[in-house]
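Construct the entire structure; sequences and hints are all you get.
As they're listed, the protein sequences go chains A and R.
Residues in the first sequence are numbered consecutively from 0, following numbering that gives the first Met the number 0.
Residues in the second sequence are numbered consecutively from 0, following numbering that gives the first Met the number 0.
Do not take every clue at face value.
As the list claims (entries may be wrong) - As a list, the in silico DSSO-like pairs of lysine-lysine whose alpha-carbon atoms are at most 27 Å apart:
hint, chain 1, residue 1, chain 2, residue 2
1, R, K65, R, K1
2, A, K140, R, K246
3, A, K275, R, K65
Claimed, not checked - Residues from chain A shown here face chain R by an in silico Cβ test under 8 Å; the list is partial:
hint, residue
4, D64
5, S179
6, D241
7, I265
8, K310
Note that these hints are calculated values from the structure, not bench results.
Note that the structure is a prediction, hence the values are computed from the model and not measured.
Built from N, CA and C at the ideal position, the CB exists for glycine as well.
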Amino acid sequence: MTILVIAEHNNTSLKSDTHKVVAAAMDIAQYSNANIEVLIAGARCAAAAQQATKLAGISKVLIADHVCYEHQLAENVGLLVADLGKGYSHILTAASTTGKNFLPRVAALLDVAQISDIISVESSDTFQRPFYAGNAIATVKSNDAIKVITVRTSAFDAVDENNDVAMENIDNVQDAGLSSYVSSELTISERPELGSARVIVSGGRGMQNGENFKMLEELADKLGGGVGASRAAVDAGFVPNDMQVGQTGKIVAPELYIAVGISGAIQHLAGMKDSKVIVAINKDPDAPIFQIADFGLEADLFEAIPELISKLS
Amino acid sequence: MKVLVPIKRVVDYNVKVRVKSDNTDVDLNNLKMSINPFCEIAVEEAIRLKEAGIATEIIAVSIGEKACQEQIRTALALGADRGIHIETDGNSQPLAIAKLLAKIVKEEQPQIVLLGKQSIDGDNNQTGQMLAALTNMPQGTFASMVKVDGDSVQVTREVDGGLVTLQLSLPAVITTDLRLNEPRRASVPNIMKAKRKPIAVKTPEELGVNVSGSLEVLKVDKPATRDAGVMVNSVDELIEKLRTQAKVI
Ligand SMILES: Cc1cc2nc3c(=O)[nH]c(=O)nc-3n(C[C@H](O)[C@H](O)[C@H](O)COP(=O)(O)OP(=O)(O)OC[C@H]3O[C@@H](n4cnc5c(N)ncnc54)[C@H](O)[C@@H]3O)c2cc1C
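Next comes the structure, spelled out in structure tokens:
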């Protein structure tokens, strides 16, 4: 039995999601004595593949290096993974916007189910996954020969880079010719990514405008953290979409989550309620966010946040 | 061009569901059911394509129990032209749904299939992508902008790092994200008119699709609950607690 992990990378380096998916693969391997192989599909991606050879717990790195994989187009990566994947017992990738995009295509091409967003491994064929915005947790058993799985990375701890395995070139060009990349607008930030930040400071509609998010950035910088947002703040145009935390945004579980001017709708809670410590700052004593906060401060954020920043200095 | 809009009946997004005491499932008895919010956005986008003179016919299709004809009627009241209901027990898994939709795609030959990126009950985020693979169509998932241009479409996608724009040949599958549009409400005259619009009823057997799934739900649990927290009275007290009690700063 061999498990195939599809790496998340930007052609030059791995994203930490990959380390967490390997951790989930190791949990499965415990039950099935399986080997773990990591596929890097990309273009001029040798550096990312080189880094992958260091991932703890794996036995081999496969590299499919071709321009048709440069932008992770789902049509092309889907065909590649479905073709390679036939020989594996499990195919795993992160439940990121990349993984969610191509992996269901793989499952359909292999005529098997996909198990989305697993948060724990119960055995080699049984997994737990949240549904209904995290208000229920299903224990799901797969009866397929190949288990196709996306992993909720916030539920697994990254493996180390202390290995040194062989790399094998995969000469398999699958260009569906159906789609092409036009452009991207990626947010460039010095702050840690939400998926790996130890601290996250998030703002909601109560922030009133994008300018006021500067306060949260300052606070986040004091704490070495990242900045997130509620859907309302994103919809109102205060901040870009990639900052949205929640059922349909990013799922995070930092050591410390500070919710500022966020009411605590179930869809927002779905994305952050597994944080270790939750702080809520809100002027409405009845805001539902206080029900899940470890520490609640009923205050006007425009007074509390500057005070917090100055006292942490 | 024809636009096909698959829609799902789900528990309303404002309702907090509870797990049944026997841990077999969630309890949906007597809860308010609605059209999945992402599907509503898909319907709206289809209507806008029709208003822009790009789409000529909008077909709303739903798979599930008889009651999901209510959601088809909602889509018809919003502006879809006709409906298709594929009657099942309502427990089909995404792959089976995608196979049923692939049959409808074959019959109807739409140029665009617009669906929600996920349903807020199953939270699977699979159906559109699976349908695209089964019908060998390109896909633009998590769309926040759709621009049809001759025989192709540009889709701007919401991704973890920001936004990415792709060009897809038609026919294509597009799945909607929250910021694609703001859905309208149906007017009373349109609700009346929708009652006369046709809904064709089909079964998986007629379509030749086996809808049994390969995933078994062994049990359903409540999520771990958090211990009750405390209210602090000042910023000073908050800092003190975070430093000495929680030890996170
Ligand atoms: C299908 C679907 C998916 C969704 N997915 C997500 C998701 O992924 N993430 C998400 O966040 N939401 C999501 N939502 C939206 C969600 O339902 C809520 O609408 C949203 O989370 C509300 O954001 P908010 O708390 O910032 O705004 P509001 O609910 O308006 O709350 C603002 C809060 O700010 C407080 N406030 C105002 N001024 C101040 C001040 N000066 N000082 C202190 N406090 C102040 C108010 O008391 C209030 O509690 C989704 C909704 C749907 C239907």
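Evaluation of the provided hints:
{"no.": "1", "hint": "R/K65 x R/K1", "verdict": "holds, 25 Å"}
{"no.": "2", "hint": "A/K140 x R/K246", "verdict": "violated, 39 Å"}
{"no.": "3", "hint": "A/K275 x R/K65", "verdict": "violated, 44 Å"}
{"no.": "4", "hint": "D64", "verdict": "violated, 21 Å"}
{"no.": "5", "hint": "S179", "verdict": "holds, 5 Å"}
{"no.": "6", "hint": "D241", "verdict": "holds, 5 Å"}
{"no.": "7", "hint": "I265", "verdict": "holds, 6 Å"}
{"no.": "8", "hint": "K310", "verdict": "holds, 6 Å"}
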